[in-house]
Structure formats: C-alpha cells, structure tokens
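Enquirer: Residues per chain are reported as follows:
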Amino acid sequence: MRLHHRAGALLVAVLAALAGCTGGGSDGAGAGGPSAGTARSSGEAGGELVVLAAASLSEVVEELAAAVEAAHPSVEVTLSFGGSADLVAQVLAGAPADVLMTADETTMTRAEDDGAVTAPVVVAENSPVLVVPTGNPAGVTGLDDLDGAALVVCAPLVPCGTAAAELARRNGVTLAPVSEESAVTDVLGKVTSGQADAGVVYATDARRAGGAVDVVDVPGSTDVLNRYPAAAVIGGDAELAALWLDAVTGEPGRTVLADAGFTLP
Amino acid sequence: MPAAVAATLVALPVLGMLARVPWDRLPGLLTTDSALAALGLSLRTSVAATAIVVVLGAPLALVLARTRLPGLRVVRTLVLLPLVLPPVVSGLALLATLGRRGLLGARLEALGVDIAFSTAAVVLAQAFVSLPFLVLSLEGAVRTAGGRYEQVAATLGARPTTVLRRVSLPLLLPALGSGTALAFARSLGEFGATLTFAGSLEGVTRTLPLEIYLQRETDPEAALALSVLLVAVAVVVVLATHRTRR
Numbered sequence: 085m086r087l088h089h090r091a092g093a094l095l096v097a098v099l100a101a102l103a104g105c106t107g108g109g110s111d112g113a114g115a116g117g118p119s120a121g122t123a124r125s126s127g128e129a130g131g132e133l134v135v136l137a138a139a140s141l142s143e144v145v146e147e148l149a150a151a152v153e154a155a156h157p158s159v160e161v162t163l164s165f166g167g168s169a170d171l172v173a174q175v176l177a178g179a180p181a182d183v184l185m186t187a188d189e190t191t192m193t194r195a196e197d198d199g200a201v202t203a204p205v206v207v208a209e210n211s212p213v214l215v216v217p218t219g220n221p222a223g224v225t226g227l228d229d230l231d232g233a234a235l236v237v238c239a240p241l242v243p244c245g246t247a248a249a250e251l252a253r254r255n256g257v258t259l260a261p262v263s264e265e266s267a268v269t270d271v272l273g274k275v276t277s278g279q280a281d282a283g284v285v286y287a288t289d290a291r292r293a294g295g296a297v298d299v300v301d302v303p304g305s306t307d308v309l310n311r312y313p314a315a316a317v318i319g320g321d322a323e324l325a326a327l328w329l330d331a332v333t334g335e336p337g338r339t340v341l342a343d344a345g346f347t348l349p
Numbered sequence: 028m029p030a031a032v033a034a035t036l037v038a039l040p041v042l043g044m045l046a047r048v049p050w051d052r053l054p055g056l057l058t059t060d061s062a063l064a065a066l067g068l069s070l071r072t073s074v075a076a077t078a079i080v081v082v083l084g085a086p087l088a089l090v091l092a093r094t095r096l097p098g099l100r101v102v103r104t105l106v107l108l109p110l111v112l113p114p115v116v117s118g119l120a121l122l123a124t125l126g127r128r129g130l131l132g133a134r135l136e137a138l139g140v141d142i143a144f145s146t147a148a149v150v151l152a153q154a155f156v157s158l159p160f161l162v163l164s165l166e167g168a169v170r171t172a173g174g175r176y177e178q179v180a181a182t183l184g185a186r187p188t189t190v191l192r193r194v195s196l197p198l199l200l201p202a203l204g205s206g207t208a209l210a211f212a213r214s215l216g217e218f219g220a221t222l223t224f225a226g227s228l229e230g231v232t233r234t235l236p237l238e239i240y241l242q243r244e245t246d247p248e249a250a251l252a253l254s255v256l257l258v259a260v261a262v263v264v265v266l267a268t269h270r271t272r273r
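So the protein lines, in turn, are chains A and B.
Per my numbering, the first sequence starts with residue 85, numbered consecutively.
Per my numbering, the second sequence starts with residue 28, numbered consecutively.
Don't read these hints as lab results, they were simulated from the structure.
Fair warning: this is a prediction, and the values are worked out from it, not measured in the lab.
The beta-carbon is built from N, C-alpha and C at its ideal position, and this holds for glycine as well.
Errors might be hidden in some of the hints.
[Stated by the list, open to error] Among chain A residues calculated to face chain B with C-beta under 8 Å, some are:
# : residue
1 : E160
2 : L163
3 : S164
4 : G166
5 : A169
6 : A173
7 : S266
8 : D270
9 : K274
[As the list claims (entries may be wrong)] The calculated label-pair distances, taken between Cβ atoms and stated as ranges, are:
#  : chain 1 : residue 1 : chain 2 : residue 2 : range
10 : A       : G304      : B       : A78       : 44 to 50 Å
11 : B       : V74       : A       : T347      : 24 to 30 Å
12 : B       : L266      : A       : G304      : 53 to 59 Å
13 : B       : A46       : A       : G223      : 53 to 59 Å
14 : A       : T162      : B       : L45       : 29 to 35 Å
15 : A       : G294      : B       : T58       : 31 to 37 Å
16 : A       : A203      : B       : R134      : 47 to 53 Å
17 : A       : A203      : B       : A78       : 54 to 60 Å
18 : A       : T162      : B       : P54       : 50 to 56 Å
19 : A       : P221      : B       : L266      : 24 to 30 Å
Model the full structure from these sequences, guided by the hints.
Expert: This is how it looks when you write it as structure tokens:
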C-alpha cells in the first residue's frame, strides 16, 4: 500500500512537470486540445475535469466526482462512460479528456503505446464470480456441475471472458456456454431475466444486481484478477488529472471502490 | 444545395470508413473461421427471415390497403412500430414474450420448444424488425396502383384469379421486389434485438454485426474489414432493388 502512495506521489510530480511543459510550448502530442484552459499558473486547481471511465466503474466514479467537487469547489467534473475499447478509440481520435479509466490493462496499453496517455496506475481489481437467478432454479452448484444448465459468459476477446476462461482453467473444466456476450452487462441481464441458468460476471456486477442473483462459490475465484488502470490523458489538464488520480488512489477512492465490491491493489 | 449536403452527410462517413480500411489485410481478415461463420449465419438467417416476412407480410399489406375492418389503424401502427423502436427495445419485447420466462416462452418450453439462444431466435428477431419494410413498400403500391385496372379487367370478363395473375401481381411485383430487398438488408444489419434476445455464439447466434461488435474490442481493423463486407452486400442489395424498380 505504502508503495502505491509513493507511486501516486511520484505520478503527481511527473504530471506537474508535464503540466509545465504543455503550459509553455505544447509539444503537440495527442490530438485535439481540451476545452478547459491548459495554462494555469499555480495554487488551487480549477476548471472542467473530464473523466472517461469504463461503464463498470460508473457508480464508483459518480460518487468520487461528487467527493472531488465537494473538496474543490472550483472544479467541475464531467463524466463520460462507455466500453473500454470505445473510450480508447475516442481518446485516440482526440476527444478532449483529462483522465482515462479502463476496465482492463490491454486497452489501456493500447492508448499508452499510441502516446495518448501517460503512466497508468492500477486503481482497483475485480474477480469473476458464478451467478445464478435468485433461488437457483437449475440447481447449479459449481462450474463443474452445469450439465444441462444454460451458461452464459463473455466472449474470450473481452476481459470478462478472459477472466471466465481463466477461472474454468483453474478448476480444470471446459465451459460450453450457450452464448458468449460482448459485455458483462449483457451476461448479467440474461441471468437476471432468467433466460440463462448461470453466468460468469464480476463480483461488482453481482453486488450491483442486488437480490436478483445468487452467487455460487467457485474455488480460486478471488485469485483471478482483472485490473482497472487510470491514467492522465496527454493534451489534457495535467493538474486536474493529478487531482483526480490522487482522489482515486487515496481517500475517498479506496472507500468507494471497496464499498462497490472491488478489491484494492 | 441542401440536396448536396444531404448526399454528403450519407456518403462522407462511408468514404471515411473506406479510407481507414486495411486493404492489404482485407483478404486475410475476411476469411478467418469466425468471419466466415458469421457471414454464413447472417446470410442463412436473413434469407429465412425474409421468407417469413414475405409469406406473412404480403397478405397483411393487402389487408391493410384493401379492406376496411375496424381497428385497422391500430394494426398498422403496431406493425410499423419496430421501424422506429430502438433495436434493444425490440429485443426486450421479444424476450418478455418468447424468452424462457416470457409470456409464451414458458409454455413453448413446456412443449419442448426452446427458442432461447437458438438460431431460430435470430430469425425471429430479424423478421420482427424487417416486417415493416415489406408491409410499408407493398401497402403503398397496392394503394396507388391497381384498383382501376382491376375493375376494368373484371368488367371485361376476367375472372378474379385471372385479374390477380394478369393485372394485380405484375403491377405489384416491383414493390414486392424492393420491399423484399429492403427487408433482407434490414435483417442482415440487425444487431440490437439479436444481441438482447438471441445471444452471441459462433455459428449459432453470432451474426456478422455481432462479430463486428466483438472484434472491435480487440482488433478494430478486423471490425472495419467486416464492416466493408456488410456495406458491400447492402450496396448490392440496394442496386438490385433499383433494377427491379425500372
């Protein structure tokens, strides 16, 4: 944990240096400039802080935005949610933003390799869980006891699908899903509607579904981790980005993330 | 001037997409197992959905255009509804009706008919959203063309079957052709209702639009290549429509 605080502090320093650079000559990295003012001399940060976040972080990020605005009255947080791949595509296309938060490291790496973001930090982790409709009508007792039950998972190409495949591998079973969805929300929807007898979603999704699903314990579930990185967008306001990243990695971020069912790195 | 802007509004994004397509990788991207499975499934389901739409939609269009039954306006409004509904809403409607816990789905399942996650679900979703295209084209044609010629033929002594075969059908054929082509193109492009109602499994329910959506997560270039394929098929269909109209 200590290490991470230090990493956070280091990041702030790096970002502050970057802010100096862009304030001076603007190196032109990344595309399209941000709408908020870029050159701000010193003291209390202010202006519009634009955060692009993965849809699965929506509730957490909304709470966090309220906390940041309360602590910094001159800052107005603007949020935009979407699939991680969509958000990265938007940033690469020059969408004005200060912070990018994705649901997996692969998509963030794509943005980093393109020079669109700088120094991503992992702020939260999520684990796959097996969920069934409330009451477990098909009597599913585990990943190895699914015969006949309609299982829905994410496709292997998307992060929640990779997590499901890894969970199956650790349990020595081969999954035979009736559908491979492209978003975890679609998997959850098919379970809550009773269309599917079981599904693999994230721990946070199961918590968000409230009473609509039951979680069936699968060995090794908490060992499979999907990491959520956050990074400052190059071309955005580095000072505001640092403010946000500080809030996520410190308090109140940790409390809000833990409350939503995320594990903390 | 507005006409030019309108044409540009449609043409420009398509050109923009073509400019981004990795043409050198195209043959490879279009012949992967997943791409071929998705294309094959899309073509099969769209043909099946179009057949259902023609068989059921043509009589409906005739009834709507020619009869004066009470409540016909309500029926017409309902039939046209999928045209304006967001596809996800269409999918939810199908789910609530034919899903495993749906109005009819539960009973069908008791009879051993399980539509959930099957290719049949894809065809149903496609038929649901494309039916209005056929009904709309055909109903309009039946209203504008026909009546007088048919009366003349009848007064000249032609029997009803002869009128239908020699006068009505030839007059309606172009509209039937374009309506069918539109319904086919709409089926081919169906996405939201399929994803919501049928799911997404390679070779079973993952049609070309679903494959594009999935590929975009990891390989945007592959998604673009498949998009070009879909656009090409759509263009061919539209061209074919214009030929039948002439």
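Enquirer: Now, for every hint given, state plainly whether the structure supports it.
Expert: Here is how each hint holds up against the structure:
1. E160: Violated: closest Cβ of chain B sits about 31 Å from E160 (chain A), beyond 8 Å.
2. L163: Hint on L163 (chain A): violated, closest Cβ of chain B at ~22 Å, above 8 Å.
3. S164: 18 Å, violated
4. G166: 12 Å, violated
5. A169: Interface hint status for A169 (chain A): holds (5 Å vs cutoff 8 Å).
6. A173: 7 Å, holds
7. S266: Since the shortest Cβ distance to chain B is 5 Å, the answer is holds.
8. D270: 7 Å, holds
9. K274: 7 Å, holds
10. A:G304 / B:A78: 44 to 50 Å: 49 Å, holds
11. B:V74 / A:T347: 24 to 30 Å: 49 Å, violated
12. B:L266 / A:G304: 53 to 59 Å: 56 Å Cβ-Cβ, so the 53 to 59 Å window holds.
13. B:A46 / A:G223: 53 to 59 Å: With Cβ atoms ~54 Å apart, the hint holds.
14. A:T162 / B:L45: 29 to 35 Å: Given range 29 to 35 Å: holds, Cβ gap about 33 Å.
15. A:G294 / B:T58: 31 to 37 Å: About 46 Å separates the Cβ atoms of G294 (chain A) and T58 (chain B), which means 31 to 37 Å is violated.
16. A:A203 / B:R134: 47 to 53 Å: With a Cβ separation near 58 Å, A203 (chain A) and R134 (chain B) fall outside 47 to 53 Å, so the hint is violated.
17. A:A203 / B:A78: 54 to 60 Å: 57 Å, holds
18. A:T162 / B:P54: 50 to 56 Å: 43 Å, violated
19. A:P221 / B:L266: 24 to 30 Å: 50 Å, violated
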